[in-house]
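Engineer: Chains A and B, in that order, give the protein sequences. Using our numbering, the letters of the first sequence map in sequence onto residues 1 to 234. Using our numbering, the letters of the second sequence map in sequence onto residues 1 to 385.
Simulated from the structure, these hints should not be mistaken for laboratory data. We treat Cβ as the ideally placed atom computed from N, Cα and C, and that holds for glycine. Don't take every hint at face value.
[Unchecked claim] Here are the simulated EDC-like pairs of lysine to aspartate or glutamate, each with C-alpha atoms no more than 16 Å apart in a straight line:
| # | chain 1 | residue 1 | chain 2 | residue 2 |
| --- | --- | --- | --- | --- |
| 1 | B | K9 | A | D150 |
| 2 | A | K133 | A | D173 |
| 3 | A | K134 | A | D150 |
| 4 | B | K126 | B | D109 |
| 5 | A | K116 | B | E289 |
| 6 | B | K216 | B | D244 |
[Said to hold, decoys possible] Below, a sample of chain B positions facing chain A; criterion: calculated Cβ distance under 10 Å:
| # | residue |
| --- | --- |
| 7 | Y2 |
| 8 | G12 |
| 9 | A291 |
| 10 | T295 |
| 11 | G297 |
| 12 | F298 |
| 13 | I378 |
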Amino acid sequence: MSAQAIADSAIGSTLVELKSISKHYPKGKEKVNVLNELNLTINRGDFLALMGPSGSGKTTLLNLLGGLDKPSSGELKIGSARLDQMSNSQLTRWRAQNVGFIFQFYNLMPVLTAEKNVELPLLLTNLSSAQRKKHVAAALSLVGLSERADHYPNELSGGQEQRVAIARALVSDPQILLCDEPTGDLDRTTADEILTLLQTLNQQQGKTIVMVTHDPRAADHAKTILNMDKGRLV
Amino acid sequence: MYYLYFIMKNLGRKKVRTILTCLSIVIAFLLFGMLRTLGSAFDQGAELAGEDRLVTINRITLIQPLPYNYLAKVKTLDGVAIATQANWFGGYFQEQKNQFPQFAIEAEDYFSIYADMYALPEEQMKSWKSNRIGVVIGKALVDKYKWKIGDRVPLIGMFPQQDGKTTWEFEVSGIYEAKTKGADTSTMLMHYSYFDEARQFGKGTLGWMVIKVKDKNQSESVAKQVDALFVNSPAETKTSSEKDFTKSFAKQFADIGFITSIILAAVFFTMLLVAGNTMAQSFRERIPELAVLKTLGFSDATVMWLVLGEAIFLSVVGGVIGLLFAQIIVTGAAESLAATLPGLMMTSQVLLQGVLLIVIFGIVTGAIPAIQGLRLQIVTALRRR
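So that you can see chain B by itself, here it is in the shape it has in the complex (with noise of 0.2 Å):
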């Protein structure tokens, strides 16, 4: 106790220098809590992806289109459990600022595909399958927009209907749930069938086939039969596992990992050199007293550890309440970004991370002046009172 009361009475002196050090670590680890939350809630949906799942898009893009009836010759396929599909809507309420994804897709296949990762309450699943307009909303757009069972919700859609309207009307008949932490539910369910039906062109396509396979560990022989099939077609595919499909979605917008570590590599660069600098300085006014804590007989490693508790300390200090900040600033933007950024959360993984940056950060701060002190020849630095 005695050792920890020196070190912050140490760190006490130069209160003023101290309190900036320490502020902008906070800012680094502020920065680092929020980035990398960032990051992992982009990850997120590569993380839930499962396992046994695959993929099916056109080989040239994703906005491609595929003809309809691939589906049913995948469901042919021997290593194929269930086969399903969607379609990309693209609408959006009101103003275009509201805009949340849309997916026409096939009721009772696609909750069985996803059954680990969402669930529709059997009733609601019954009442929306006999209402044509109806559609399924998630939590996060129960949330945000207050729509309950009944609620009549017009959309204005990027694909006109067979008049020419571009409003779609929809009426809200399910709400389902995650079942899995951190599953997006921002995203609304409509009938393919109605969809397809109603729309002006692109009839008889579908966007993206999920195939949910009998053995995961035949996925990747599945993806390749599946591409077989279509190969030298008008419509050639590309199969990948959800996982590998989910990575690359996110890559198209950005690299957020990427950029996410750059940012963080020069902020933590500087910042090491500032409290690294911090650190210098206040072992070079120290010299005489740690010489003096060696003259009494404290050992080397004793006045090497002293030092370096100050460094470790003030980035403890720092790191914790700029994680803390952090957790508090996530917090409060999750629920706002539900809706678009599902899965905002500071993961554990975040966390321990940040902790063990904490005691690098601390350790490198405190190495050099910590050695110098391990060194410190006493005769020579009494003689530079």
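Isolated chain A, as found in the complex (with noise of 0.2 Å):
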């Protein structure tokens, strides 16, 4: 590891560091800002919640931080990656080896098994299938899902395919997850699991975690609340 590298690896250290950011779209002949001069640092091992009325700009600071979407402007620095200055290939290759996303609805492969959902990262690695397997009954232990890893998505409970979800942005040990209103789609009690889940995995494997939410009872698992509108943080 290099010296670089155990540096970016500390806790509390800088992960993410955005710089005048912003954001707009052509909508016609006009421009519209979603971003709007953005600066936020979030440090390793953080667990950060996003929250604001709808159009505040909060999952497309979440795209950008993915690495999915490019900024209109401005600087955006995740580890030692300049993501503002990076192709789109390039952009790829680091979101398959940094960054791990949970989605509202899961987003699995219906056509798949739970476990064949986890190796998918995985097969963008050198890893062997043995290696991948390996790796794949980690992860699906971790979310307590290791009896339920030859079910397809719909032989499963919400709750349990938002775990797969879960246990596939853990798979390939990715420096930050995004989690894009993870609980959305699930009832309280189910809801409060999976937190309870992303609560365990930040506290216990150091992840650094930012989910976007318009529940203030999900935010409460944070360690910070941020709140933005019109694409500012408030």
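Put the two chains together into one complex; each comes in its own frame, and the hints tell you how they fit.
Structural biologist: Laid out in structure tokens, this is it:
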């Protein structure tokens, strides 16, 4: 491990740094500003909840942090990577190694078993089939679904599907977990289970988590809560 | 292996649709295999034609005879190695449906000129030559009519005998075999001397001449010399290479190659639309899933290949089954059609064309969704969920 990597991995050190980030989309002849001159720092090991009304720019910010989209201007740095300067193919490779995504509607592949769904990100690594199986088993065990490995998504409850999605996000050991309304489609009890799981991952595994949510009770599980409105942090 | 597994799983999500699409591809390739084989069977004669052989017919038409003495004149030409002649007998066995080719020929010269294609055992040749009503038959006729050496075979011919009878009595003196794969063995060969002497009209004429040249590079020049011999005579000749003659003879029935090509083009165009639409529909239904793959870090190219892979996989499965069925049907039909359509077999060329077409079919049907998959924007696609 390089000195830089050791420094990067230290809990509490800066992981994400946004300087004057703006994002706008063209809409006809007009320009719609979604993010305006946003500045933000997220430390390694943080659990950050992003709240705000619809259209405030939460998901856009999450997309930028995940390398799914590029800022119109500003500097976006995660670890030692300058995402704003990367090409699309560089971002694709970076995502595979550094980010785990958790969606509101789980987004599992319906034709694959839980085990095969979790294995997907590992196909982008150099691991052998046996090594992949080992990692998948560990990830499923972590989310408490070892016995459901052979089940298809339609054979699982919503909470179990989201656990599989979390296992898939974790399996390649990413630097940061990005969650877009991870409990938005779940009942309260199940939502609490998922949030507790995320909390555990943050506290015991040291995973940095950024979670977009409308739900104040969900946000209560985070260490830090940030509110957004009209593309700015308020 | 995982990707193949994933492709198969995706195809299996709508089983009925996949099976129906696959069946349509099976039918398309079944037709391809059968029609191309049929076409190549018609071309078989031309493929087997000797490069050093010429065929001379009456300039007006093949059915107009030529004077027999033309043969002697042709034999005097410098470039001619062997020349022989043949006549159409046009008979049938017992019932009109039992038709097969019968030629009245001159035994030694005929088998010399076709020495590369047919073989007749020496003792059978000897026995045949000594039997005025003797005939030799090919293996396809033996298989079909179960004739054997010594059998008497009455044929009803289009030429009446001098006593007005149209039934001609023959005796099987020998059985010739093909030396070249696909060579026609459905022909009966009889002595010209017997035929010419016994027939009521047309005496002293021949149907066509077959000429073997000394040097195949001189074929064209020899052909011109032959035709020049009989220019301005009452029966002018037209000499061409055996290949050209066979091709134009086959086209008298119909241009099978052209007809099969038209049918296949229509079938494949329709199937392209059917399979292409299925692939496009399947792609549209999975846009968010493909976006998730890209989110996880799968490259644009990988997603494109996954989509294209489904189309190619479907095409390979349907195509291979179709060609396999075509092979089974052709093999089954080849035996019963041996006498009428010799050389009916799926050639390696047809098979190769089929395999190539399978790949092209898969690529074309999957191309549009694959390109859409390549260009898929994650953020836009995820919003569709």
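Engineer: For a quick check of understanding: which of the numbered hints are violated here, in increasing order?
Structural biologist: Every hint satisfied by this model.
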